[in-house]
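From first to last, the protein sequence lines are chains W and E.
No gaps in the numbering here: position 10 of the first sequence is 10 in the numbering used here, and each next residue is one more.
No gaps in the numbering here: position 82 of the second sequence is 82 in the numbering used here, and each next residue is one more.
Incorrect hints may appear among the rest.
To be verified - Computed Cβ-Cβ distance ranges for the label pairs, DEER-style:
(1) 83(E) <-> 52(W): 21 to 31 Å
(2) 17(E) <-> 53(W): 45 to 55 Å
(3) 5(W) <-> 101(E): 21 to 31 Å
(4) 71(E) <-> 39(W): 22 to 32 Å
(5) 54(W) <-> 82(E): 39 to 49 Å
(6) 51(W) <-> 80(E): 39 to 49 Å
(7) 51(E) <-> 52(W): 18 to 28 Å
(8) 83(E) <-> 114(W): 30 to 40 Å
(9) 84(E) <-> 52(W): 13 to 23 Å
(10) 17(W) <-> 16(E): 30 to 40 Å
(11) 55(W) <-> 51(E): 29 to 39 Å
(12) 83(W) <-> 109(E): 22 to 32 Å
Said to hold, decoys possible - Here are a few chain E residues that sit away from chain W, every Cβ distance over 12 Å (derived from the structure):
(13) 14
(14) 16
(15) 45
(16) 52
(17) 111
No lab work stands behind these hints: they were computed from the structure.
All C-beta atoms, glycine included, are put in the ideal place defined by N, C-alpha and C.
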Amino acid sequence: AQSVTQLGSHVSVSEGALVLLRCNYSSSVPPYLFWYVQYPNQGLQLLLKYTTGATLVKGINGFEAEFKKSETSFHLTKPSAHMSDAAEYFCAVSEGAGTASKLTFGTGTRLQVTL
Amino acid sequence: NAGVTQTPKFRVLKTGQSMTLLCAQDMNHEYMYWYRQDPGMGLRLIHYSVGEGTTAKGEVPDGYNVSRLKKQNFLLGLESAAPSQTSVYFCASSIIDRVAEAFFGQGTRLTVV
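Turn these sequences into a full structure, and let the hints guide you.
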């Protein structure tokens, strides 16, 4: 079975600082990887996804992630944090054969942005 | 454009009571899912459906039942609620594609006392 590990349940950065949220996966087949964001009292929304091709993926709100097969990682970064980035972030892997798109989520990382 | 709508948003149940959570989507998606979110555990898949009239078990199906009588609706039932089912429940839907974005509802916060 595929799995996702997110290192650090809480990350705190200053406004304007680099954001780095870590995600490692395990998969016996080429993975499809996702980052979702959850703002307080809301559902999840897609930030970005990696399927095939370019390993550096750009998403919404200035976020990007790099797929590194040798490190089985898909870390999320943003060069300069903004107060509005405070949220919980989930890394996920798509499992299942064929067209099934069940997502297996990591445990989440709560990002705090301070002045 | 409503997207995915969950009803109700909040509910408090007594142990042993039953209830049904309703999920409705207006995007004509084939796939629908029910997840539960618990602190420190992320989201875990309860049940899912790949089309009208079909359902399948996810990672944590015990204590729950589901039905998908209409393509746009996916119901999650708790026949006899237990405190361990206190959680936030999310419904999601997607098209038939392993790399498709899943669209989530805003969640139902359920407390079982």
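Structure-based check of each hint:
no., hint, result
1, 83(E) <-> 52(W): 21 to 31 Å, "44 Å, violated"
2, 17(E) <-> 53(W): 45 to 55 Å, "50 Å, holds"
3, 5(W) <-> 101(E): 21 to 31 Å, "23 Å, holds"
4, 71(E) <-> 39(W): 22 to 32 Å, "29 Å, holds"
5, 54(W) <-> 82(E): 39 to 49 Å, "47 Å, holds"
6, 51(W) <-> 80(E): 39 to 49 Å, "42 Å, holds"
7, 51(E) <-> 52(W): 18 to 28 Å, "26 Å, holds"
8, 83(E) <-> 114(W): 30 to 40 Å, "36 Å, holds"
9, 84(E) <-> 52(W): 13 to 23 Å, "40 Å, violated"
10, 17(W) <-> 16(E): 30 to 40 Å, "50 Å, violated"
11, 55(W) <-> 51(E): 29 to 39 Å, "34 Å, holds"
12, 83(W) <-> 109(E): 22 to 32 Å, "25 Å, holds"
13, 14, "25 Å, holds"
14, 16, "29 Å, holds"
15, 45, "6 Å, violated"
16, 52, "16 Å, holds"
17, 111, "15 Å, holds"
In terms of the numbered hints stated before, the structure departs from hints 1, 9, 10, 15, listed from lowest to highest.
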